[in-house]
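For this one, chain H is given, so just place chain S on it according to the hints.
Here the protein sequences come in this chain order: H and S. Take the first sequence: its letter number 149 is residue 149 in the numbering used here, and every next letter is one higher. Add 306 to a position in the second sequence, counting from 1, and you land on the number used in the numbering used here.
These aren't lab readings, by the way, just hints derived from the structure by calculation. Don't be surprised by glycine CBs; every beta carbon is placed ideally from N, CA and C. Errors might be hidden in some of the hints.
Unchecked claim - Interface residues of chain S toward chain H, partial, derived using beta-carbon atoms under 8 Å:
(1) Ala-684
(2) Ala-687
(3) Ser-699
Claimed, not checked - Straight-line Cα separation of at most 25 Å, SDA-like style, residue types lysine to any residue; simulated pairs:
(4) S:Lys-430 / S:Ala-663
(5) S:Lys-720 / H:Gln-52
(6) S:Lys-706 / H:Ile-183
(7) S:Lys-713 / H:Gln-52
Unchecked claim - Pairwise CB distance ranges (calculated):
(8) S:His-368 / H:Gln-18: 51 to 61 Å
(9) S:Asn-562 / H:Gly-152: 16 to 26 Å
(10) H:Ser-22 / S:Lys-342: 48 to 58 Å
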Amino acid sequence: MELNNSKPKRITWWQKNQIKISPWIFLAPGLIFFFIYVIAPIFVSIGISFYQWDGLSPSIYVGLQNYIELLDDEYFYISLWNNLKWLIFFMLAVPIGLGLAIFLNQIVFGIRLIKSLFFFPFVISQVVIGLIFTWFYQPNYGVIAPFLDLIGLEGFSILANEDTATYGIIFAGLYPQIAYCLILYLTGLNNINSEQIEAGRMDGAKGFHLFWNIVLPQLRHATFLAIVVTVIGALRSFDMVAIMTQGGPYGYSNVLAYYMFEQALSEYGYRMGYGSAIATVLFTIMMFYILFFIYRMYRNEREDNN
Amino acid sequence: MKKVIISLIMMFGIISSTSFAGTLVINTDTSDAAPKEAFEYIIKKFEEENPDVTVKWNVFDHEGYKQSIRNFLNTDPPDVANWYAGNRMLPFVRAGLFEDVSDIWKDSGWVDGNLSENMEHAKKSMTIGGKQWGIPYTYYQWGVYYRKDLFTANGISVPTTWDDFVAACATLKAAGITPITIGSKYLWTTAGVFDYLNLRTNGYEFHMDLTLGKVPYTDPKVQAVFDKWDELVKPGYFLENHAALSWQEALTPMVNGEAAMYVMGNFAVAPLKEAGLRDSNLGFFQFPEITPGIPMAEEAPTDTVHIPSKAKNKTDAKRFLIFMSRADVQEEINKILGQLPINKNSSVKKGDPFLAAGLNMLNNAYAMAQFYDRDAPAQMASEGMKGFQEYMSNPDRRQKILERLEKVRQRVYK
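Extracted from the complex, chain H is given alone in its bound form (with noise of 0.2 Å):
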């Protein structure tokens, strides 16, 4: 017979492995990509901190002495004090954005309307909102100067005192945040389980003791989302203090990320080894909270799995 014949079908390399490799081909572009654009620059920049290098004359090796410096550098200190306010008072985005959501999430006319105006603020470019804040923020003639004059406060610029500056820019900042964490909640509440809210009702829970047992819980995912990326917003607040203060006064309302700008990269800077020492600690904080949100992350997979 005909088929008897025929050799026994040879199954290739490739026919045998097609399974296991072919997620890899697919994949292959975002990896290589992701490793020259993300891996790669960390492993070069940490190795940058080691040196004392001006982009145009060769470097040379000075070992830990950037990370020396930067112990014993005003500047970076009150950098990264000023990173830590960014975190708490950023924070704030969060509970607003969710009174706000919950606010807005019901069914009147023109409801969708108003929806879309909250949410506007997270449309503006950050640029546009630093310098309508700065504008805001005028002395004398700002909007807000007449109401600093009733306070007693003529004159007062928020942006070139020393102790107001960073929370100017913060609250600045806040504003499209909270629309952010706003339109994460109003997902979130979409897919809220009409039954378990009945159910609740029917035990007798109303009011905040509804929203804190039953709403709040099964919100939990948009709420991690928005703390994610609150913190993530606060540790890199470079565009709003590079449009609103560049730091100033005197360097009063730095944050690492600009920090390591002015010193690597600015007019007057080009520090590459001492920009990239303040870039590696600025990584290792940020390391801890990506690890730990990795892990958590995780952990709920496996737990929703099981």
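Only chain S this time, still in chain H's reference frame:
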């Protein structure tokens, strides 16, 4: 087949046209209106005089240029680039990115008369290691711009000594006028005040020693400068909230008659006039004497043109630099710029009292400083100016600030 041949011919065409010797690539940061117009004029005139050369001119954004010059000098060098004199060009000279053009300065056969002589007062700021690295084409004076009408109304005459100056401030303050306006948001304006106080208290040589890192910031002579500064800061003679304002925003109180003086460069005149001030109520005077007998040096930042050492067409680039040094060319450029020519044989735009005063002052100047952020290396300058701003807001922190600057000095100049 035909197509291949055609495209081959086209490729050769492209290659040969780029390698043609008569193209001169010029990169400048002249994105503002007047400087742009000036360069348009220069290039047109240069092409008219040198029909064999075609100029390719790339204009960069003024701020972005500071970043891009570091890249293009290495990777895609033009034949001519503009930059600034003094220590500002030091990193490029040190990295071997600028061409030594001492021969243009030496050889009088190149130009109308001897360049070293015609531009003698600017030679120092173009010299590093005994060689010249570019050609200066414009500069402008710094000094005190003031409201003549406010001075008259309060019976103040133009102060020539420090005591008169402080007394004038006191009178103005008592009349409810801010004596000196300043906007220090971008820091550099504070350096103008510091430079003049130091030049007048300790003289040009000490100022240069300080910016060259030879003197500690804790030196008693530096303390003396801050003693003088105290006399202005402590009674509140400077504009409040200066840290929140850019230099342009700080012009507003002066235009409104709420402030009387501004320690500034001549570029402030144009916006002040645009805002409504006239020659009748806007005036200029030289920063007053502090220590009697010290020769008066002035602040006069200079703009320059250079040949990158990796330039492809150095022959024409040199022709361009020589052209830029000529008295008639500098005269025309500076008429457009509203600034002062470096070449002594150029005359100045007539009918502008500020330029006339500036020219007179600079021609009699003992020496010329380039401005703190051009005389001192960039890293020192940035920390220094930050310190000046902090001092102006908190004069009590003087000691702490100076100690910090001393720490920076020891690092930067080592």
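Checked hints:
no. : hint                              : result
1   : Ala-684                           : holds, 4 Å
2   : Ala-687                           : holds, 6 Å
3   : Ser-699                           : holds, 6 Å
4   : S:Lys-430 / S:Ala-663             : holds, 23 Å
5   : S:Lys-720 / H:Gln-52              : holds, 12 Å
6   : S:Lys-706 / H:Ile-183             : violated, 48 Å
7   : S:Lys-713 / H:Gln-52              : holds, 17 Å
8   : S:His-368 / H:Gln-18: 51 to 61 Å  : holds, 58 Å
9   : S:Asn-562 / H:Gly-152: 16 to 26 Å : holds, 24 Å
10  : H:Ser-22 / S:Lys-342: 48 to 58 Å  : holds, 57 Å
Comparing the model with each numbered hint stated earlier shows that hint 6 is the single one that does not hold.
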